[in-house]
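Q: Okay, here's what each chain looks like letter by letter:
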Amino acid sequence: MMEVCNCIEPQWPADELLMKYQYISDFFIAVAYFSIPLELIYFVKKSAVFPYRWVLVQFGAFIVLCGATHLINLWTFTTHSRTVALVMTTAKVLTAVVSCATALMLVHIIPDLLSVKTRELFLKNKAAELDREMGLIRTQEETGRHVRMLTHEIRSTLDRHTILKTTLVELGRTLALEECALWMPTRTGLELQLSYTLRQQHPVEYTVPIHLPVINQVFGTSRAVKISPNSPVARLRPVSGKYLLGEVVAVRVPLLHLSNFQINDWPELSTKRYALMVLMLPSDSARQWHVHEMELVEVVADQVAVALSHAAILEESMRARDLLMEQNVALDIARREAETAIRARNDFLAVMNHEMRTPMHAIIALSSLLQETELTPEQRLMVETVLKSSSLLATLMNDVLDLSRLEDGSLQLELGTFNLHTLFREVLSLIKPIAVVKKLPITLNLAPDLPEFVVGDEKRLMQIILNIVGNAVKFSKQGSISVTALVTKSDNRAPPDFFVVPTGSHFYLRVKVKDMGAGINPQDIPKLFTKFAQTQSLATRSSGGSGLGLAISKRFVNLMEGNIWIESDGVGKGCTAIFDVKLGISNESKQSGIPKVPANPQHANFAGLKVLVMDENGVSRMVTKGLLIHLGCEVTMVSSSEECLRVVSHEHKVVFMDVCTPGVENYQIALRIHEKFTKRHQRPLLVALTGNTDKSTKEKCMSFGLDGVLLKPVSLDNMRNVLSDLLEHRVLYEAM
Amino acid sequence: MDALVAQLQMQYRNYTASLYQQGFLDDQFTELKKLQDDASPDFVAEVLSLFFEDCVKLIGNMARALDQTGTVDFSQVGASVHQLKGSSSSVGAKRVKGLCVTFKEYCEANNYEGCVRCLQQIDIEYKALKTKLQDMFNLEKQIVQAGGKVPQVDN
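Residue numbers (our numbering), protein chains in the order written: chain H, 49 to 784; chain Z, 33 to 187.
Do not take every clue at face value.
[Stated by the list, open to error] When the alpha-carbon atoms are kept at most 30 Å apart in a straight line, the in silico DSSO-like pairs for lysine-lysine are as follows:
no. : chain 1 : residue 1 : chain 2 : residue 2
1   : H       : Lys480    : H       : Lys436
2   : H       : Lys68     : H       : Lys140
3   : H       : Lys93     : H       : Lys68
4   : H       : Lys575    : H       : Lys658
5   : Z       : Lys136    : Z       : Lys164
6   : Z       : Lys89     : Z       : Lys181
7   : Z       : Lys129    : H       : Lys743
8   : Z       : Lys66     : H       : Lys701
9   : H       : Lys701    : Z       : Lys181
10  : H       : Lys658    : Z       : Lys66
11  : H       : Lys575    : H       : Lys480
12  : H       : Lys487    : H       : Lys436
13  : Z       : Lys136    : H       : Lys748
14  : Z       : Lys136    : H       : Lys743
15  : H       : Lys522    : H       : Lys486
16  : H       : Lys748    : Z       : Lys164
17  : H       : Lys525    : H       : Lys658
18  : H       : Lys93     : H       : Lys172
19  : H       : Lys562    : H       : Lys658
20  : Z       : Lys181    : Z       : Lys162
21  : Z       : Lys164    : Z       : Lys66
22  : H       : Lys746    : Z       : Lys129
23  : Z       : Lys89     : Z       : Lys164
24  : Z       : Lys162    : H       : Lys746
25  : H       : Lys724    : H       : Lys746
26  : H       : Lys746    : Z       : Lys66
27  : Z       : Lys136    : H       : Lys658
28  : Z       : Lys65     : Z       : Lys162
[To be verified] Some but not every residue of chain H turned toward chain Z, in silico, with C-beta under 8 Å:
no. : residue
29  : Leu675
30  : His678
31  : Pro761
For the record, the hints were derived by calculation from the structure and aren't laboratory data.
Positions of the beta carbon are idealized from the N, C-alpha and C atoms, including for glycine.
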């Protein structure tokens, strides 16, 4: 009897070998199906980015179920129970479900995956393109650097040849040129001459006419122009079998002149001269001129133009400097020659003067002696004429020598004290004889305030007055002559004074000589003072004279810090000669010529000299008194300014006042004393005693009308010298 | 007698020279001596006694001015110093004059301590000078009594 079992029997009879193979294959399939998801999980976990996890799960499930199906299939080869069949069925059903789902899913996903791939390709292409562009930019930057370096090289030198040579060399290097040449216009401007080349050392001097069409084309634009390699400017070497000449570019280089540069004006169209730069690429290379290379060439050409103009300016200035130096040297030589000439002339004059004077003196002396002897009237007349002529000649020589010395500036005034009143009278007495003969009365007016004793150059002053008065007599035929002398203040020389009466030691003497003679044309007045010039009227011709008198007088007057001029109302209306000179005032009734007596050691001129000493400090008062008593003075002492004012009288010749104590009150005394004694010769001399010797103290004293300043403590010798100077000159601002 | 005179004169010379060297006196003193002659035989002594009286008076003034409680009137002190400076320079008292200069600076700077210090120093100095000059005059008297002549000592 057959057991009823719930087993399922396989459809086919169990063939042993085939069964075995199926069994094994199923096993391996299951294994593979199980390991695939494991592998997937493993790798996905490893990668950071995987957007399709859900798909993965699905796919995993599908695979796992397939694997499970195959695995369970292993059990179905032999007789198996119903449960196994159930499980198998379930597995298969599930597998079917999941597979269908996955199949549906994949419809969406696969296009996506494919597109990822296309995007990747696209990006790769883009990257390749950018790389290419980078390469280009780099090359451009390189060329830019080259330009800068080139410019720097060109502009770093001011030598024209270096500039041009450097340009060609650098351009050749940067652009890897075969040949590079520069054509400069000739002097005539009609031809271009090959001046510089890169490769050839000694270029043949060869020229091209400037008006070729190709050249005009290049000169017509500021851009670099491609020209044919066969044009005359590009044919620099003999064609040596290379049948593919490299491309040639030419550019103009403006040659700028100084006159082209105006401040707000760029020299675009005003330049006429250009040079031509020709650049050749290597032959037999496939290289072509790129835009950026041509731009580089244009830039370089401009820079070269500027550099050349700088070099030109430098050359100009160097030439100018050399010229100036030459002129300097020439001037120096000329100056030295002039100096030598002047010295030679002076030597000559000095020698001649001496040589001429000696015989003159002999003539004058002997003629005078002859005059003293017994003579017949005719002889006397002859001797007198001889004397007069020789005196005239002597005067002339003196005049000439004086004038040359005056012009050199080597003449110095000889100062001395003299009597002004006497001087005038002397002059008049000299002129009177001639005036009497011509029947011209002369009058002399001396102003009442004219000082009697003055300090100045007596001899020269007399010469001036004599000359002027002599001229007046000479040029007058009738009328009278008046000589007036007065004191005047020159406007621009007034010292800052507090008082009306100038207490300074100088004054300006004004002398006016008026005549009613021939008069002078106002137009001729300026010429009067020039040497050797004389107005040409007949009246003057006959009176002789060399015309030097006024010139010399003017020089002397100038030396005495004065002015001389002539006023005239016209021809026939007479004229007035006026001059101002600066003279010093002296108080001593000394006569000029007597040398100064040195003060006796002890009681010199101060015997009985009444002085007043004002000092608040008892001790220093006593010391000063002792000093003055020792010198023989009669000293009165006061200790305050009020007392000083009360006591001071015209008997006191000198007042010493101590101004040490700070404050201005002490100086006020000086003012009060000036007020008290209005007549200059009654006022005592005022001397300040101070411990301060700076300029401000001195100025202060001067401004308050003090006649001198002394530094305390005063030594005996100092006091003695000071007193003698003071009494002689009435002023003392040097002794400190 | 002559030996004594010579010895006294030598002593006098050395003493006077030392006064110059130590800076007690300067050239002004020499000038002062020049002014003494037969007409005024005691000139130097008179001037010096006047000077020392002045010192006493002025120093007293300054002490009083500095002693005031409250604000010190430096201008008053300065005025006295100025006087003393003038006097000392007139007689050739070198050290006193130098101190006066310093004193004046302190006055202008209103430096109380400096002033007080200077005043004390001046006091000391003038007294020292007085003693020294006293000695010098005594020597002179001794020489004259011994029948000799006072030698000229300028430095």
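Q: State for each hint whether it applies.
A: We went through each hint and held it up to the structure:
Between the alpha carbons of Lys480 of chain H and Lys436 of chain H the distance comes to roughly 17 Å, so the proposed pair stays at or under 30 Å and holds. Restraint check for Lys68 of chain H and Lys140 of chain H: the C-alpha separation of about 22 Å stays at or below 30 Å, so the hint holds. Taking the CA atoms of Lys93 of chain H and Lys68 of chain H, the gap is near 38 Å; set against the 30 Å cutoff, the hint is violated. Distance check on the hinted pair: Lys575 of chain H and Lys658 of chain H sit about 57 Å apart at the alpha-carbon level, beyond 30 Å; violated.
Distance check on the hinted pair: Lys136 of chain Z and Lys164 of chain Z sit about 26 Å apart at the alpha-carbon level, within 30 Å; holds. Proximity of Lys89 of chain Z to Lys181 of chain Z is assessed by CA-CA distance (about 35 Å); at most 30 Å being required, the pair is judged violated. Annotation: proposed proximity of Lys129 of chain Z to Lys743 of chain H holds, straight-line Cα distance about 24 Å (limit 30 Å). For the hint linking Lys66 of chain Z to Lys701 of chain H, the alpha-carbon distance of about 25 Å falls within 30 Å, and the restraint holds.
Restraint check: the Cα-Cα separation between Lys701 of chain H and Lys181 of chain Z comes to about 38 Å, which exceeds 30 Å; the hinted pair is violated. Annotation: proposed proximity of Lys658 of chain H to Lys66 of chain Z holds, straight-line Cα distance about 22 Å (limit 30 Å). This hinted pair checks out: Lys575 of chain H and Lys480 of chain H have alpha carbons roughly 28 Å apart, not beyond 30 Å. Distance restraint check for Lys487 of chain H and Lys436 of chain H: the Cα-Cα separation of roughly 21 Å lies within the 30 Å cut-off, and the hinted pair is therefore satisfied.
With a CA separation close to 23 Å, the supplied pair Lys136 of chain Z and Lys748 of chain H stays within the 30 Å bound. Between Lys136 of chain Z and Lys743 of chain H the alpha-carbon distance is near 22 Å, which keeps this suggested pair within the 30 Å criterion. With a C-alpha separation of about 9 Å, the suggested pairing of Lys522 of chain H with Lys486 of chain H holds against the 30 Å cut-off. At roughly 41 Å between alpha-carbon atoms, Lys748 of chain H and Lys164 of chain Z are farther apart than 30 Å, so this suggested pair is violated.
Of the pairs offered as hints, the one joining Lys525 of chain H and Lys658 of chain H is violated, with about 58 Å between alpha carbons and a cut-off of 30 Å exceeded. Among the hinted pairs, Lys93 of chain H with Lys172 of chain H is consistent with the structure: their alpha-carbon atoms are about 27 Å apart, no more than 30 Å. This hinted pair does not check out: Lys562 of chain H and Lys658 of chain H have alpha carbons roughly 47 Å apart, beyond 30 Å. Taken as a hint, the Lys181 of chain Z and Lys162 of chain Z pair is honoured in the structure, with Cα atoms around 23 Å apart against an allowance of 30 Å.
For the given pair, Lys164 of chain Z sits about 20 Å from Lys66 of chain Z by alpha-carbon distance, which is consistent with the 30 Å threshold. Simply put, Lys746 of chain H and Lys129 of chain Z have alpha-carbon atoms about 24 Å apart, close enough for the 30 Å limit, and the pair holds. Restraint check: the Cα-Cα separation between Lys89 of chain Z and Lys164 of chain Z comes to about 20 Å, which is no more than 30 Å; the hinted pair holds. At most 30 Å may separate the alpha-carbon atoms for a hinted pair to count; Lys162 of chain Z and Lys746 of chain H exceed this at roughly 36 Å.
Using a Cα cut-off of 30 Å, the hinted pair Lys724 of chain H and Lys746 of chain H holds, with the two alpha carbons roughly 23 Å apart. For the suggested pair Lys746 of chain H and Lys66 of chain Z, the alpha carbons sit about 29 Å apart, so the restraint of at most 30 Å is met. In summary, the hint linking Lys136 of chain Z to Lys658 of chain H is not supported, as the alpha carbons are separated by about 36 Å, beyond the 30 Å threshold. Restraint check: the Cα-Cα separation between Lys65 of chain Z and Lys162 of chain Z comes to about 17 Å, which is no more than 30 Å; the hinted pair holds.
This hint holds: Leu675 of chain H has a C-beta 6 Å from the nearest C-beta of chain Z, less than the 8 Å allowed. At its closest, the beta carbon of His678 of chain H sits 5 Å from a beta carbon of chain Z; the interface hint therefore holds under the 8 Å criterion. Here the hint on Pro761 of chain H is kept, as its CB sits about 5 Å from the closest CB of chain Z, short of 8 Å.
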